[in-house]
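Student: These are the residues of each chain, in order.
There are 2 protein chains.
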Amino acid sequence: MDIRFEKREHLQEKPDQKNLGFGKHFTDYMFVMDWDKEQGWHDAAIVPYGGIPMDPATMVLHYAQETFEGMKAYRTAEGKIQLFRPEMNARRMIKSNERLCMPGVPEEMFVEAVKALVKAQEDWVPSEPGTSLYIRPFMFATEASLGVHMAKSYKFVIITTPVGAYYAEGINPVKILVEDEYVRAVKGGTGFTKCGGNYASSIAGQVKAEKMGCTQVLWLDGVHRKYVEEVGTMNIMFKIAGEIYTAPLEGTVLPGVTRDSLIHILRDWGYKVNETHLSIDDLMKAGHDGTLEEAFGTGTAAVVSPVGEFVYKDDSVIVNDFKIGELTQKLYDTLTGIQWGKLEDKYGWTTPVE
Amino acid sequence: MDIRFEKREHLQEKPDQKNLGFGKHFTDYMFVMDWDKEQGWHDAAIVPYGGIPMDPATMVLHYAQETFEGMKAYRTAEGKIQLFRPEMNARRMIKSNERLCMPGVPEEMFVEAVKALVKAQEDWVPSEPGTSLYIRPFMFATEASLGVHMAKSYKFVIITTPVGAYYAEGINPVKILVEDEYVRAVKGGTGFTKCGGNYASSIAGQVKAEKMGCTQVLWLDGVHRKYVEEVGTMNIMFKIAGEIYTAPLEGTVLPGVTRDSLIHILRDWGYKVNETHLSIDDLMKAGHDGTLEEAFGTGTAAVVSPVGEFVYKDDSVIVNDFKIGELTQKLYDTLTGIQWGKLEDKYGWTTPVE
Ligand SMILES: Cc1ncc(COP(=O)(O)O)c(C=O)c1O
Ligand SMILES: Cc1ncc(COP(=O)(O)O)c(C=O)c1O
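The listed protein sequences derive, respectively, from chains A and B. Quick note on my numbering: the first sequence kicks off at 1435 and runs consecutively. Quick note on my numbering: the second sequence kicks off at 1435 and runs consecutively.
Pulled out of the complex, with its shape left as it was, chain A reads as follows (with noise of 0.2 Å):
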């Protein structure tokens, strides 16, 4: 891929490794390129990070044909950058974008894209305990038209952020609302892809969820109302009786890369991971006779974030004493410990940036 470089005159200042907060800060540069069907994806450029003028017709202001990934670059002690599995957010854009009736990008071609704005701007990637560059990918309609069809022509962007830790307290649990009024997907829908619209719909239910005292929501399924789904912007692992249950891949939950290589680790350990339908009745049950030994919930921003009560209808329970399980413990470090080159790869999960 031929990737024009467009330099920026002045540099910003950059910002306070300790205290970065989530997406706050912007870097000097982004990556953009532009669809359309006669020549396909053309015109890859990393340029000065900056905005971009927009019809007010644009479709993805009416009819939000819109997709995004989440990633990070990670510093290592050593000085040098590396990606977590970066092919599995390109693949999962792909399928994001099929369900929205949206070009792919090719999976090299994202991956080269992330790359290249990465090195081109590598003093950008902090090096403070936790901390990381959060690389944003995303697609947008960019046809100026009013009818609801598949636009003409779309648009490709990497931003990145540096970030400290996603969640202000740190990796203390959270106390989570199970919600039962609003619904986030339903199979046939588009649950399983990281487009625009199930963010939108999922505020109510987070803005419900901190007026109650809560941190994040957990979804249960659209149709029974009873099977639990995942958590705000991560899916959700329970250890029950010494075995893990997380919600199966069918549609209406993200597959998630954290999920995804935890899943991995705990089937190395010798855990048996269930992935299946698990009732929000099993839970509490489970949570009330002493079964339910640790939850925790699982994402690129957060890595592994644990939870220490689960809030439903009238009932409540707490998990562990509200203190951090050893196993979540061991399962952050371990990744987080491969994700920041502390800890030997051995799944070949890392990519350098170089």
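Calculated directly from the structure, the hints in this document are not laboratory data. Errors might be hidden in some of the hints.
Which copy? The list can't say, so a pair holds if one copy fits it or any two copies do.
Derived DSS-like pairs: lysine-lysine, alpha-carbon spacing no greater than 30 Å straight-line [to be verified]: (1) LYS1660 x LYS1621; (2) LYS1458 x LYS1586; (3) LYS1586 x LYS1452; (4) LYS1452 x LYS1549; (5) LYS1448 x LYS1529; (6) LYS1529 x LYS1660; (7) LYS1609 x LYS1586; (8) LYS1621 x LYS1529; (9) LYS1458 x LYS1706; (10) LYS1645 x LYS1621; (11) LYS1747 x LYS1621; (12) LYS1609 x LYS1780; (13) LYS1660 x LYS1458; (14) LYS1529 x LYS1757; (15) LYS1642 x LYS1621; (16) LYS1529 x LYS1645; (17) LYS1529 x LYS1747; (18) LYS1471 x LYS1642; (19) LYS1458 x LYS1471; (20) LYS1780 x LYS1441; (21) LYS1471 x LYS1452; (22) LYS1586 x LYS1642.
We have chain A; now place chain B with the ligands onto it with these hints.
Tutor: Structure of chain B with the ligands alone, referenced to chain A:
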């Protein structure tokens, strides 16, 4: 409301009224207004139609916090301009926005903005039979930030476009695919709103329908995949053995202004209108045994759109010999008669723009 007016230097040439299409030509001006927590709605202005610069981290491009409305301005035989129940659109947008945790534009402000914009460019309201000025109010999150949360700032925009008939083929009966794979909406979701995400996820069904030689999709409910809900961008009504059937407003179906108006007219004419769950099996059965007398979609764009055939799995039924039904035609004539000021508006549905 104080509306600043920014004059455009060169007005555009107007398109041929006989070849308008839908949503292809945009008028000289647009209405814009901003919202943030401190100031609420502010900076209302009518400005030259043109690009809006957008930071690539603008939340609407990632999480689709966006809603829209669709309505029309009609030119009467006397040359006057009128709107049709604009307060219904205002209220529906408030409901859409509530679900997506976006601020509402107060009803009066919404209607005033629409009128001011139409008034400012009255020459753009076409006069050829069947033509009108389509009005597209929409709102989106403008905050540049990557956390998934309620945005802190929004933009409300109204653009307008002179339109001919929505369907190229006129009000001829269309062939409709009953969709049993993709789902549009489920209770607890966003089906009752005009949010972008609903439309992005619907495109796959539409593409599939077109591949099968159909014009539109008929959606079934997301839980049982059994009850008839609505068509692509229309509600749908059936005349079966003399009575009217249409899906009830229970959160999955858009509360159409046209649907509501036709129900009023039908009841006025003495028809029994059943807002009830009609199963696809009962519909196909009625098609086969001859009791399905007429079927038509209802919406602002097409007004009334007769259905000539339903295709469901391996089965299909022809409605009324693929001809426009008598009642369908009468409803079309009545509603368009009121909208274009040819018939007395005994319901008080029209509002002059003066
Ligand atoms: C809805 C949802 N589920 C799960 C995840 C976790 O996916 P991953 O592990 O690939 O970050 C995310 C975040 O990307 C998400 O948005
Ligand atoms: C999904 C959907 N259903 C129904 C309608 C019809 O609504 P209305 O009659 O207000 O145009 C529309 C169009 O606005 C729509 O997009």
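Student: Hint by hint, say whether it matches the structure.
Tutor: Each hint, compared with the structure:
Taking the shortest alpha-carbon separations for LYS1660 and LYS1621, both the intra-copy value of 14 Å and the inter-copy value of 14 Å come in at or below 30 Å. For a Cα distance limit of 30 Å, the shortest separation of LYS1458 from LYS1586 across copies, 14 Å, qualifies, whereas the shortest one inside one copy, 32 Å, does not. For the identical chains of this complex, LYS1586 and LYS1452 are inter-copy neighbours only, at 25 Å across copies versus 44 Å inside a copy, given an alpha-carbon limit of 30 Å. In the homo-oligomer, the alpha carbons of LYS1452 and LYS1549 lie at most 30 Å apart inside one protomer (25 Å), although the nearest pairing across protomers, at 52 Å, exceeds that limit.
Taking CA atoms no more than 30 Å apart as the test, LYS1448 paired with LYS1529 passes in neither setting, with 35 Å inside one copy and 42 Å between copies. Taking the shortest alpha-carbon separations for LYS1529 and LYS1660, both the intra-copy value of 27 Å and the inter-copy value of 27 Å come in at or below 30 Å. Proximity of LYS1609 to LYS1586 under the C-alpha cut-off of 30 Å is restricted to the inter-copy arrangement: shortest distance 25 Å between copies versus 44 Å within a copy. Proximity of LYS1621 and LYS1529 under a CA criterion of 30 Å is satisfied in both settings, with 15 Å inside one chain copy and 25 Å between copies.
For the identical chains of this complex, LYS1458 and LYS1706 are neighbours neither inside a copy (40 Å) nor across copies (57 Å), given an alpha-carbon limit of 30 Å. With identical chains, the CA atoms of LYS1645 and LYS1621 are at most 30 Å apart both within one copy (29 Å) and between copies (22 Å). In this homomeric assembly, LYS1747 and LYS1621 come within 30 Å of each other (Cα to Cα) both inside a single copy, at 25 Å, and across copies, at 18 Å. When the C-alpha separation of LYS1609 and LYS1780 is checked against a cutoff of 30 Å, the pair qualifies neither within a copy, at 34 Å, nor between copies, at 56 Å.
For the identical chains of this complex, LYS1660 and LYS1458 are neighbours neither inside a copy (37 Å) nor across copies (46 Å), given an alpha-carbon limit of 30 Å. Taking the shortest Cα distances, LYS1529 and LYS1757 never come within 30 Å of each other, neither inside one copy (37 Å) nor across copies (41 Å). With identical chains, the CA atoms of LYS1642 and LYS1621 are at most 30 Å apart both within one copy (24 Å) and between copies (17 Å). Proximity of LYS1529 to LYS1645 under the C-alpha cut-off of 30 Å is restricted to the inter-copy arrangement: shortest distance 20 Å between copies versus 35 Å within a copy.
For a Cα distance limit of 30 Å, the shortest separation of LYS1529 from LYS1747 across copies, 25 Å, qualifies, whereas the shortest one inside one copy, 35 Å, does not. Taking the shortest alpha-carbon separations for LYS1471 and LYS1642, only the inter-copy value of 19 Å comes in at or below 30 Å, while the best intra-copy value is 43 Å. Only between protomers do LYS1458 and LYS1471 lie at most 30 Å apart by alpha-carbon distance; the minimum there is 19 Å, versus 35 Å within a single protomer. In the homo-oligomer, the alpha carbons of LYS1780 and LYS1441 never lie at most 30 Å apart, since the shortest distance is 39 Å inside one protomer and 66 Å across protomers.
In this homomeric assembly, LYS1471 and LYS1452 come within 30 Å of each other (Cα to Cα) only across copies, at 29 Å, whereas the closest approach inside a single copy is 46 Å. Taking the closest pair of Cα atoms, LYS1586 and LYS1642 come within 30 Å of each other only across two copies (17 Å); inside a single copy the shortest separation is 38 Å, beyond that limit.
Hints 5, 9, 12, 13, 14 and 20 from the earlier list are contradicted by this structure; the remaining hints agree with it.
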